[in-house]
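S.K.: Each chain, letter by letter, is given below.
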Amino acid sequence: MSDIYSVEADPRFKQCNRELFLILGLWVANIVVVVGLTVWLGQGVPASELSFTFGLPDWYLWGAFGGSLLFCLLSTLVVRFFFKDMPLDGYPEDENA
Amino acid sequence: MNIQALIPIVVYLLVLLAVGVGIYVINRRRQSGGQSEYFLGGRKLGPLLLTFTILASAASSGTFIGAPGVAYDIGFSWGLVVVTQVGMGIYILGVLGKRFSIVARKIGAVTLTDFLRARFESHTVVLLTTFGIIVFLGAYMVAQFVGGAIIMESVTGLKYEYGLLLFGLIVVVFTTIGGFMAVALTDALSGILMLLGGIVIWAAFFVNVGSFASFTERMVAEVPHLVELPGPDDINSLLIASYFLLFGIAAIGLPHASVRGMSFDTSKTMHRSMYYSGIIMFAFSIFFVTLGPFTRLLYPDLDNPDTALPTLILGTMPDWAAGVVLAAPLAAVISTVNSMLLVASSAVVRDVYREYIKPSASPRRMAVLSYTATFVIGIVVVAFSFTPPDFLQLIVIYAIGGLEATFFAPIVFGLYWRRANAWGAITSMVVGLVSYVAFELFLPFPFGMHTIVTAIVLSITAMVAVSYATPPPPVRIIQALWGYRKPGAADTPARTE
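Those protein sequences? They're chains C and H, same order as listed.
For the first sequence, numbering that gives the first Met the number 0 assigns the number 96 to the last residue and increments by one with no breaks.
For the second sequence, numbering that gives the first Met the number 0 assigns the number 496 to the last residue and increments by one with no breaks.
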């Protein structure tokens with residue numbers, strides 16, 4: 000008798016699952032980078048003691064600009080090196096049948 | 000009335016209309032007017048169209064008008080909240096992407112509801128989905144149209160009602176006749192305008208007002224809270240982190256965004272779109288909100304912070320340039336509403352009419368009905384927009400959170416977890432929605448985080464607990480969605496352990 004766990008999964012799903020966890024990792028990295036930089040540079044610092052670059056508070060420049068751009072770079076690298084191309088057809092074997 | 004500012008906007012609207020007509024003519028000639036074509040563009044989007052249609056659909060007038068308004072009030076700390084949406088496109092494509100595309104092709108799904116129907120085989124799930132889509136997207140579309148008409152009025156002097164009629168009708172018409180492909184193409188045009196607007200507004204600021212650094216001293220002395228963190232609204236690290244859920248990964252639960260997760264042609268397209276979407280969303284997000292705090296020093300006494308950006312633009316730019324820049328928030332409004340309009344229309348036509356009223360409807364009849372539904376819903380939304388509600392950003396955040404809390408768990412768990420069943424889906428949707436609304440009303444920001452965190456955690460818990468407590472889904476469903484061979488085509492699909 001077959002149950003739901005004995006259905007043999009589409010072999011492409013293994014890679015899909017891996018990519019899901021990579022994305023969750025990227026999401027955590029995004030939070031850590033942006034929140035980390037801003038807290039480190041600006042949390043609780045009174046305005047008179049903040050340092051500025053180009054007229055923007057450093058925590059904003061490095062956290063919002065820097066952190067976000069760093070995340071963009073990181074996600075590009077992850078997709079480039081860990082994501083795999085695959086056909087998207089529903090049931091690939093139909094074509095040969 | 001300011002004709003010079005009106006001209007760029009009218010030109011833009013006419014181009015949109017032309018795109019709609021063009022797509023309609025092409026579809027006519029090719030005789031391709033099927034449901035997959037109308038609601039999904041025939042699954043053939045390339046990387047640029049895919050990127051722009053996801054991001055422009057997600058970035059609304061909140062990003063361009065609401066956000067700088069809040070930053071005018073509380074300072075740069077709100078800019079930090081806005082950049083939590085930078086990864087949105089990457090998350091939507093990365094989590095749904097291939098898996099959603101493959102499964103959708105297996106079961107012939109054209110909409111989110113098609114997927115949920117096939118995965119859970121439950122009328123309750125389908126009705127909840129349809130209800131959520133119509134109520135929330137309807138409210139959100141009204142808020143967007145209202146925002147758009149206010150912008151038109153503040154910049155061009157065109158009366159609110161006329162502005163609303165002008166661009167409301169054009170949006171409804173080109174979406175109705177052009178379908179998904181027209182929406183994707185106009186999203187790309189709108190996206191380019193949104194990028195251009197951001198760059199022009201910074202350039203004009205530096206040329207006509209001065210460098211940011213020239214404001215630092217006054218800002219620190221006169222309104223120090225603008226540059227401080229956590230700032231007057233106590234934007235602490237836990238709260239920022241929770242916005243990464245609301246504006247980031249939970250956007251998977253937005254029906255008008257997630258349907259785009261199965262609209263592309265190949266996995267190569269998806270990867271390239273992921274390269275582009277971070278940087279483009281960053282550009283959409285950062286330019287306008289960063290000017291909010293500076294506007295406070297230039298115009299300290301505005302009654303309604305939502306007028307901060309329009310005031311700045313009109314005060315510091317030649318009229319025609321103001322028209323170009325102000326076309327950016329309008330483009331954001333239009334690119335969001337057109338996507339939602341199609342999703343709402345598909346909910347009525349495919350999920351209510353074909354499912355419950357006339358399952359045997361012919362393709363020709365379905366096509367006629369799709370046009371009619373899109374048009375009628377659009378007109379109703381325009382009609383509702385004549386009496387505007389008050390604070391823009393709040394409505395926007397409310398609808399977005401509600402949709403996410405409802406759909407995040409059933410989509411993600413339905414896609415990746417075999418054991419998820421109909422009872423789990425129903426409970427998670429109800430718990431997500433009800434807890435979101437209840438907490439927002441009676442106990443906002445529980446545990447120092449945005450309400451969305453509590454609602455999604457409760458919804459996922461309900462999904463897992465209830466699914467385990469009730470029988471597993473039929474093997475037939477898992478066979479259809481997980482299996483490698485077409486069900487019924489082969490006789491030995493099951494593996495014996």
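Keep in mind the hints are simulated off the structure, nothing from the lab.
Keep in mind it's a predicted model, so treat the numbers as computed, not measured.
Yeah, the Cβ is synthetic: ideal placement off N, Cα and C, and Gly gets one too.
Keep in mind that the hints are not guaranteed to be accurate.
Unchecked claim - Derived list of chain C stretches under chain H, where covered just means 3 residues or more per stretch with a C-beta under 8 Å from a C-beta of chain H: (1) 8–16; (2) 35–46; (3) 51–61; (4) 82–91.
As the list claims (entries may be wrong) - Here are some of the chain C residues that sit facing chain H, going by a computed Cβ distance under 8 Å: (5) I3; (6) F20; (7) F64; (8) S67.
Said to hold, decoys possible - Covered, in the sense of this in silico footprint (three residues per stretch, anywhere, with C-beta under 8 Å from a C-beta of chain H), are these stretches of chain C: (9) 24–32; (10) 68–76.
S.K.: All the hints need checking, so say for each whether the structure fits it.
M.R.: Now the hints, each set against the structure:
Proximity of the segment 8–16 of chain C to chain H, defined as three or more residues with a beta carbon under 8 Å from a beta carbon of that chain, is established by the 8 residues found. As drawn, the segment 35–46 of chain C meets chain H at 8 residues by the rule of a beta-carbon pair under 8 Å; at three or more, the given contact holds. Counting residues of the segment 51–61 of chain C whose CB lies closer than 8 Å to any CB of chain H gives 7, so the stated coverage by that chain holds, three being the minimum. Judged by the Cβ-Cβ criterion of 8 Å, the segment 82–91 of chain C is covered by chain H as claimed, because 10 of its residues qualify and three suffice.
The beta carbon of I3 of chain C is positioned within 8 Å of a beta carbon in chain H (closest approach about 4 Å), and the interface hint is therefore held. A cut of 8 Å between beta carbons decides the hint on F20 of chain C: the least distance to chain H is about 10 Å, and the hint is violated. Taking 8 Å as the C-beta cut-off, the interface hint given for F64 of chain C holds, the closest approach to chain H being about 7 Å. At a threshold of 8 Å, the smallest CB-CB gap from S67 of chain C to chain H is about 5 Å, leaving the interface hint in force.
Under a criterion of three residues with beta carbons nearer than 8 Å to beta carbons of chain H, the stated coverage of the segment 24–32 of chain C is upheld, 4 such residues being counted. As drawn, the segment 68–76 of chain C meets chain H at 5 residues by the rule of a beta-carbon pair under 8 Å; at three or more, the given contact holds.
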